[in-house]
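Chain residues, written in single-letter form:
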Amino acid sequence: MTGNFPYLVVGILFVIGFVGLIFEKNLVKIAIAVSVVEAATNLFIITLGYRSGGSIPVWTMAGSGSSRMVLPTPQALTLTAIVIGLATTALLLSFVMTIYRHYGSLDVRDIRRLRG
Amino acid sequence: MSWQVHLPALLIAVPLLGAFLAPLTALGGKGLRNTWFVLVSLAFTLIAFLLWARVGAFGTAVYVMGGQSWNLALPSGMEVPVRILMEVDAFSAFMVLLSAVAALAGAIFSVTYMDRFSGLEKFVALYFLMVAGMFGMEITGDFFNFFVFLEISSVASFGLVAFWRDRGEALEAAFKYMLVSTLGALMVLVAVAFLYSKYNVVNMAALGKVIEWGMVEKTSLVLFLTALAMKCGAVPMHMWMPDAYAEAPAGVTCALIAVSQASLYGLFRVTYTIFGAFMGSPIIPWVIIVLGVLSMFIGVSMAVIQKEVGRLIAYHSVSQVGYMLLGFGVGLLALSDARAMADYGFTALKGGVYHIVNYTMYKGLLFLSAGALFYATGCRNLNDMGGLGRKMPKTMGLFMIAAAAIAGLPPFNGFVSKLFLYESSFAVHPVLAVFAMVTSVLTLASFVKIFQTAFLGPALKKFDNVREVPGAMLLGMSVLGVAILLLSLFPTWSVNHLVEPAAKALVDQASYIGAVFAATVPGGGL
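Taken in order, these protein sequences are the chains called C and G. The first sequence begins at 10 in the working numbering and counts up by one. The second sequence begins at 16 in the working numbering and counts up by one.
No lab work stands behind these hints: they were computed from the structure. Everything hinted at is true.
Keeping only pairs whose Cα atoms sit at most 25 Å apart, straight-line, the calculated DSS-like set for lysine-lysine is: (1) G:45 to G:137; (2) C:34 to G:191; (3) G:322 to G:409; (4) G:322 to G:406; (5) C:38 to G:191; (6) G:477 to G:464.
Okay, chain C solo, but in the shape it has when bound (with noise of 0.2 Å):
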């Protein structure tokens, strides 16, 4: 039962996130909402790759319990998202910046020029 906590976090950070997204007026406030669930993504793909009692997959320091090291992949995987995620947060934060500038304020209701 103790196991499925992480994946119980997952979910309820996935829908603070995605509420978040949805429902946050503010510009920068959604643009935290982005990496909330960003956050939740990446740690489900880490919670998926753990194993109990299992040892990291490098042969020189995995020791004795080297029958049962973890496969990489989600590791790898994790790292690429949160560089990309990165990315994405700064490009985010600075069309924010940018979008200031134009309009004023930061309220989605303000920021309506494109409609119809």
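Put chain G on the given structure of chain C with help from the hints.
Just chain G now, with coordinates in the frame of chain C:
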């Protein structure tokens, strides 16, 4: 082994090299940068063509990055494809070819179109990054790389949509596009993680081989479907599409269309190749069909009332994506039933595949001609235009070709693909065909409206100084114009050589999976 074995790797390496060297070429001045822009675009188009020809001649190409084969047997005896795999079957090769043509046209057009602006070395770099990501999505053999390439092409395109950052609207559009795209990409990643959690592989062929039909797969399929439908602009999440397409520089929009087609490609790779006939219930095909019909109808009804040329054409993208979803949905519905497949399923698939190439060509041309109008007059609003046919006869001619093709007037290519779709969707339910036809009529109506207001009518005093756009822009538009004319003049050839192999590859799940597992013979990298 001939050098052509390495074509899949070159297809990604060449645009990447183009992107990273673009800032350096700026040191050599404008001429060098523009030459580089066009030369690299020509190079990747050539590679795409060679790859397409090779796949047509020798069958599915499997390329293993940095190794002869993917073979890896773990101490536990488990055998999984762990290396980075590229797998190019006829459908991938077809997508690569048409995306390359669209990207080439956009590049040639942008050389003059963007000439008035600064920071172009960054523009060129982002353009090539976007193209590299797009090709990567279309030829990759595993899901995680699909996510990585999806993010590469998306992040580059956010920058390009917001390229005119002196316009608040462009930033607003880019922000919207970015939220939808980032959320979509994360959902793709979660879907991949779900599949990984059960099967411990991310390779598409390996997944297709072992997949079963359970709760985990259902969750993952729904996430894939939602995310990729968002990315290609199907109806409930279509609002980013008109904004981004209308605000991006025209040359970029032309390539962006191909990028959204790459997401569509991903959707069909997942549904046909991974799940395929395993998908027990008709719910998913019907969801795709309903999304398609809604996109068609809502997209076109929003388009008719638009006053801005770019937004009008962009709303048509929503409705055209609906046609493709309809075709592929009907094909998917018939997938598990051999008789239905022969009756109408394969026709629907052919229609869908054919519509992808037609759509990319004529929609690209429409956006380029809207860009040409903006370049010559500085206007975006239809109400301010009029009588431009006298000043810009060549643009008008090219616009006419594209408009006739999108409206599905008989000699043009749009007619053939729409006919396939009408026939096959009628067999499933007559209402679907009725919706498709009504959409087609409304499409014609809205293009008559653009044509009439922008090009016809008396010459306006304020447009006395307007001249025809420069040669490079016309050349870029002609690339697509010629492609449309060829597809229209040789419909039998294009159906037999371009469309059918792609449609066959899509339904032939076994050969996609077999190609990877056959490639394990030592030294048999291809």
